[in-house]
Structures are given as C-alpha cells and as structure tokens.
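On the provided structure of chain G, position chain L as indicated by the hints.
These protein sequence lines are chains G and L, in that order.
When the letters of the first sequence are read in order and numbered with our numbering, they come out as residues 106 to 321.
When the letters of the second sequence are read in order and numbered with our numbering, they come out as residues 633 to 839.
Hint data in this document are derived by calculation from the structure and do not stem from the laboratory.
Just so it is clear, CB atoms sit at the ideal spot from N, CA and C, and this is done for glycine as well.
Hints may be right or wrong, so weigh each one.
[What the hints assert, rightly or not] Computed list of lysine-lysine pairs in PhoX-like fashion (alpha-carbon distance at most 25 Å, straight line): (1) L/K675 - G/K292; (2) L/K719 - G/K157; (3) G/K133 - G/K111.
[As the list claims (entries may be wrong)] Just some of the chain G residues that point at chain L, by a computed CB distance under 8 Å: (4) A213; (5) L219; (6) V224.
[Said to hold, decoys possible] Here are some chain L residues the structure puts well away from chain G; computed CB gaps all over 10 Å: (7) T637; (8) E687; (9) P710; (10) R720; (11) L740; (12) Q805; (13) A815; (14) C829; (15) D832; (16) T833.
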Amino acid sequence: MANQTKPVLHGYFRSSCSWRVRIAFALKGVEYDQVPINLIRDGGQQLTQEYKTLNPMQQVPAVEIDGITLSQSLAVIQYINETRPGPRLLPADPKKRAQVRMISDLIASGIQPLQNLYVIQKVGAEKMQWSHHFIDRGFQALEPILKQTAGKYCVGDEISMADICLVPQVYNAERFKVDVGQYPTIKRLNQALLEIEAFKVSHPSCQPDTPDDLRA
Amino acid sequence: MANQTKPVLHGYFRSSCSWRVRIGNFKIPLNLLYSLKLTQEYKTLNPMQQVPAVEIDGITLSQSLAVIQYINETRPGPRLLPADPKKRAQVRMISDLIASGIQPLQNLYVIQKVGAEKMQWSHHFIDRGFQALEPILKQTAGKYCVGDEISMADICLVPQVYNAERFKVDVGQYPTIKRLNQALLEIEAFKVSHPSCQPDTPDDLRA
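One chain only, chain G, in its complex shape (with noise of 0.2 Å):
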C-alpha cells in the first residue's frame, strides 16, 4: 500500500500501552513520527481540548495513520500487521492466534487498565499496593498459561503481539515492584525480548521525551 505520510503516534515515553506501539512499528519496519504527550506536565496534556479530539479517552496512544484515528492500542497493532509488509505480528494457525490474543488481551483488558494512571489517581493513596495486587494476579494466571503456550517466545516460536504485550507490562511490574522473579516463564521470556532490536529501540529509556534523568 503506497502511502504518502508517515503514520504520527502521539504517545509516552513511560506509557506501556504506547510502548507497544513503537514495538509493532519496529518490528515491522515502518517510519513514524512521535509527538509527545506529557501526562503529567501542565496537569496531564492529554486532557486538552486538541487531544481530545484526537482520542475522545484522553489517554495514550492515539496514531493518525492512512488518514483515520484510532486508539487503543491492540487496534492499532493489528491493522499494522494487516496492512504493512515484514513479518507477521499474529500467527497463520487460528488456534495459536486465539492464544496470542487471549494473552494480549489478559495483559491489555485484565491487569493493564486496573494501574494505568487515570485509575490509580482515582485510588490515591493506595495505589502502590492496589497495583501491585492487581499485577501480582494477573501475573499468577499468565504463568500458568505461557508455561504451556510458550515456546522460544510468548506463543511457540514467533515473536507475535502477546510478547509485544509482556514486555511492557513487566517495565511496569517492576514500577510497582512486583518480584517478578516469582514467575519464571515470564522472566524468562522478558530477558529473551529485550535482547531483540525491536524492543531495545522503542524501550522507555532511549525516546524522544525521555527525562534525562531516565535516560539510559
């Protein structure tokens, strides 16, 4: 598909949902530009009046691309895969794509939205542990999965969304400080990621809206 403008993400450097983004644009090998939205300067910028137009949520990422808006990011990763070339994002083998996205979507539906920044401000004072409770779980049933699921990788062999999922999730089990030492399948798969180009370049630490401070 010859498109004409580079798609734009509007993101965070530290958002996990935006972090996968940049994994699935990596992977696939398209150029993209980044506008940073800074979620907690001037009272959180993606509650202006501009952002929201752009994602109604008031929440990152949102990515123009091909000429429409979406958010969520699961959405965006799967009309990447559908509509770029390289490698593939889900599997051929409907069963093994059922298990990539009920993995995905235990990260994106099950444990992710309990600690994303919006609840957690709503939580107060609690939320250190709220969160860590609610990874903590959602960690205890993906264990159990991926133990029989993985193979070199999330899902057998192919580097595929679930593991664009996991990566990001364990930054922010780590922020929260879940052991996640506790869950080998996991750990061991995180370490494995990280060493794949795709995931070092669009890792938190090195983004255009990077803190000095957290830079790497």
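Below, chain L alone, put in the same frame as chain G:
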C-alpha cells in the same frame, strides 16, 4: 471445519463478557455450563478465575474477544469483523474501548476490592467511557456501530449498556449509544443470549 463436540461455554447469566460470547456464538450450538468460578477446577480452565472460558476444538480459551475472533475465523456465517482493514480497526478500537477501557474497571473482582463506594466508582468509569464512546460512534456508526454490518463492536456495546443501567448511568445522555442499543436488542442473537433468559437466570430476574 468438522467438529465432533459442541463448544462449551463456562459463563454466568449476568456477566457481560459471557454475554458477548453467547451473542457471537448465536448460530453455533453451545453447551452452557455455569461454574463456580472460584474453584480449583475452574482455575485450571481459566487461571484468571473469571468468566467466560470456552472449550472449543480441543483447546480452552479465555478473554471474550479472543474467543469471538476465533469463532469468526473458523466458522461459516455472517462475519463478525468487516472486510475493510480500516473499518476492522475501528471495530477493534470500539470493542477495546469497552473491553479494556470500561468493563475491567467495574467487574466483580475489582469492585469487591473497591468496597463500599463501588456504585459510585463503577458509575464514574462507565460514564467516562461512554463520554468517549459517544463521539466515536457518531463518526463510525451507520445502522450499527461501524457502518451497516453487525460486528464485534455491537457485541461489546449491548452488554455494556446493560451494565450501565445496573449502575444507574443515564444512557439517555448518549443518544447514539442509546439508538444503537435499542436497534440491536431487536435482533434475535441479542435476544436469545440476554441475561434474562439463560439456564442460570434466577427466577426473579427471568423475562
């Protein structure tokens, strides 16, 4: 694809995620089994200890949207996602707004942890989600959520409106959501799968 055994849905009459799967599977004979989700037995089916879980074609799947897309890809019949990639992305965006952005914040496990303020908490997050969904649907909707074909987005919308009503959200504030919900509730698949007429619906909530 020839399948010897009927798929088995482990769900709950009033679980919106279970309802999504029932809608998506309308034409497919399903064994509906209602489990106590906190048992060790159920945990082996779904380690997240939530409903639904579906045994199908020799595997067990959880996460309703993974199930729905698997059904869509392996069974004949009307497609549940559009053929056009951009429309398909919009269907997924709307589905995920609901399935990641709203429902997880008001599901049973979370509101048990919230405690006494659970009504206000759930009301807040559903309202916020619908405030975002309304302008999106205004852009994407034709007869249904995206254009004029029923899709996974519609499958997610109706159970979420049901939840909204349980938490006393005034859906009248969201005219597009209201219109779509009303149109969809007239459709057979949405009626037969409704919480008011499931095998495990308590008598006092039966239609």
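Any of the earlier hints contradicted here, and which numbers? 10
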